[in-house]
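Quick note, the sequences are listed as chains D and W, same order.
Residue 24 in the working numbering sits at position 22 of the first sequence, with consecutive numbering throughout.
Residue 280 in the working numbering sits at position 278 of the second sequence, with consecutive numbering throughout.
In case anyone wonders, no lab produced these hints; they're calculated from the structure.
Mixed in with the good hints there might be a few duds.
Copies of the same chain look alike in the list, so a pair counts if it works inside one copy or between any two.
Within a straight-line C-alpha distance of at most 16 Å, the following computed EDC-like cross-link-like pairs (lysine to aspartate or glutamate) qualify [claimed, not checked]:
#1 197 / 98
#2 286 / 147
#3 161 / 309
#4 152 / 281
#5 197 / 211
#6 152 / 280
#7 161 / 306
#8 198 / 280
#9 259 / 44
#10 286 / 19
#11 259 / 269
There are 2 protein chains.
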Amino acid sequence: MSSQPEPGAEPGSGRPDVLVHRLPSFALPFLALLRDHFTVLDPRTDSPDEPAHAFLARRAGRTRALVCVGPTPLPADTLRLLPSLRLVVATSAGVDKIDLRECRRRGIAVTNSGAAFAEDVADYAVALLLDVLRRMSASDRYLREGLWLKNGDYPLGFKLGGKRVGIVGLGNIGSQVAKRLQPFSCDIAYNSRSKKPSFPFPYYTSVRDLAANSDVLILCCALTEETRHVIDREVMTVLGDRGVIINVGRGGLIDEKELVQFLVRGELGGAGLDVFEDEPNVPKELFSLDNVVLSPHSAVITPESFEALGELTMSNLKAFFSGQPLSCLVQGE
Amino acid sequence: MSSQPEPGAEPGSGRPDVLVHRLPSFALPFLALLRDHFTVLDPRTDSPDEPAHAFLARRAGRTRALVCVGPTPLPADTLRLLPSLRLVVATSAGVDKIDLRECRRRGIAVTNSGAAFAEDVADYAVALLLDVLRRMSASDRYLREGLWLKNGDYPLGFKLGGKRVGIVGLGNIGSQVAKRLQPFSCDIAYNSRSKKPSFPFPYYTSVRDLAANSDVLILCCALTEETRHVIDREVMTVLGDRGVIINVGRGGLIDEKELVQFLVRGELGGAGLDVFEDEPNVPKELFSLDNVVLSPHSAVITPESFEALGELTMSNLKAFFSGQPLSCLVQGE
């Protein structure tokens, strides 16, 4: 790389500052890569004994770019400590922990990393759907408990082919889900903020109408004020007692209390849930249900995808500091 | 249907005989459909107290067609009781319980039902592969045991995209597996009795060479004398400690004792097993492994597919009795 200061570099430094904002439990797998190109401010390692807000006030007043790691909250209170901030690069697909309204008010650009995660999340959505329909986790338990030998065959599951699959959110992830489901002979339809003319699938303006015409709903949309509890009592009712819900978005997309009741009463056919409203708490009523597959927010990534995530993060930071267009801009509120 | 006797009908009857050959635990879901068109001989219901061989000797001497249900054995001893037999319609995909050599010697045509099962089995193969790679059954167990809350995140699995997938047997099922895996960006290759020019995938003449160039092997071939233990110590060794084996064929395709040792010693990356050498016995050493998904021979069918199975069976029986060509003929030994 050039040894010349890049535009936006701090005085006295050859490299611009990038602030790494993260929960203690979330490491950044490509921190070394970041350090090759930027002066990385990381309160967790630079000054572990100092409260984060004190570090920010002391050290990050001129910082223009921040990498927000995973689900780390970035509320207005924190943003106020960063008066020069102009870019937030989120390493997650969802940005519901970032105060997008405050970012928009301040003219701070926000990018997400959905593009780097889309394949893994889409794979997982298909896997959850197959698992729920064909009862794979349940029959794996059945075998490990020695019940095949003792009680005979496990009940048959259901066929994926021919199912009407409604995708809620046809963005990076949703479109990858659709692509994967086509060779399984599913009938795909979708709901999204707007019709996507580049896709041949029927478009429904409301999730309720999509549900009324679907056997399966797959939730791939962002959690916003508009989409919170988009899967409510009414949607579950029209989806019906053979209907299946797959959630690889955010727990808050579903009214979880209602979902649990529908599943416990047998008023839904099944659910594959990678996300929950109050993680890592999972409603215990679901633990005894064989038509439910539970997963600890694992859809998002595999080790193989960290490289793509690092590349996307680096490319947006470099674009920002050289005045080039950003990719994966979040359409904030 | 015509009220005229069909060709091959028994004297004195308007309809030809069809013998239903089945284990007591295997019902035929479309028995009523069969009775609409044929005189069904079913020792299990017609004469439940009589030994099956006595019933056959007494009643089936002129029977020309037999429906062999699921994994019911059809050995030479039984075939000898049926001197007029000219057709065996197997309602299963695999015909390893049928004495194909004796059938060939006697000029008895054998058809299988792989075509009706192919979609469900292919779906299941993809599901097992995703489950093994992404650790879904294991992480579902982790949640149900309350360990997410107690121990934190479950380890990340592995990405499907980019994996080199070797399909052993590119017939009805294998080709459906390939079609499903393409949008996941897998690199597909195969081994089969012969090269299939209609498919664009690289062909390997030996399973060993396929394994040496694959991250995943998916077994979709029939169990024959040639394919018994086709996955042996050498194949597992070249597949290596990150390699994954998916078996939706028959348990006997794998040297199961060796497989267990490879998995227990960590010399294979994982396995998804729907079939076993001595069902319903499953090697207990596998019960503690999170990189293994176990399933009670469930790949084969869903309730939604029974209709297709009934149609295929009926169409072959009707073709036989009217001198038309059969579909899904088994290439016997």
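Tested hints:
1. Taking identical chains as interchangeable, the C-alpha atoms of residue 197 and residue 98 are never at most 16 Å apart, the minima being 23 Å within one chain and 52 Å between chains.
2. Taking identical chains as interchangeable, the C-alpha atoms of residue 286 and residue 147 lie at most 16 Å apart only when they sit on different chains, with a minimum of 10 Å there against 20 Å within one chain.
3. Taking the shortest alpha-carbon separations for residue 161 and residue 309, only the inter-copy value of 12 Å comes in at or below 16 Å, while the best intra-copy value is 36 Å.
4. For the identical chains of this complex, residue 152 and residue 281 are inter-copy neighbours only, at 12 Å across copies versus 36 Å inside a copy, given an alpha-carbon limit of 16 Å.
5. For the identical chains of this complex, residue 197 and residue 211 are intra-copy neighbours only, at 14 Å inside a copy versus 48 Å across copies, given an alpha-carbon limit of 16 Å.
6. With identical chains, the CA atoms of residue 152 and residue 280 are at most 16 Å apart between copies only, with a shortest distance of 15 Å across copies and 38 Å within one.
7. Within a single copy, residue 161 and residue 306 get their C-alpha atoms only as close as 30 Å, which misses the 16 Å cut-off; across copies the closest is 6 Å, which meets it.
8. Within a single copy, residue 198 and residue 280 get their C-alpha atoms no closer than 32 Å, and across copies no closer than 52 Å, so neither meets the 16 Å cut-off.
9. For the homomeric pair residue 259 and residue 44, neither the shortest alpha-carbon distance inside one copy (38 Å) nor that between copies (51 Å) is at most 16 Å.
10. Taking the shortest alpha-carbon separations for residue 286 and residue 19, neither the intra-copy value of 45 Å nor the inter-copy value of 56 Å comes in at or below 16 Å.
11. Taking the shortest alpha-carbon separations for residue 259 and residue 269, only the intra-copy value of 14 Å comes in at or below 16 Å, while the best inter-copy value is 44 Å.
Violated hints, in rising order: 1, 8, 9, 10; the structure is consistent with all others.
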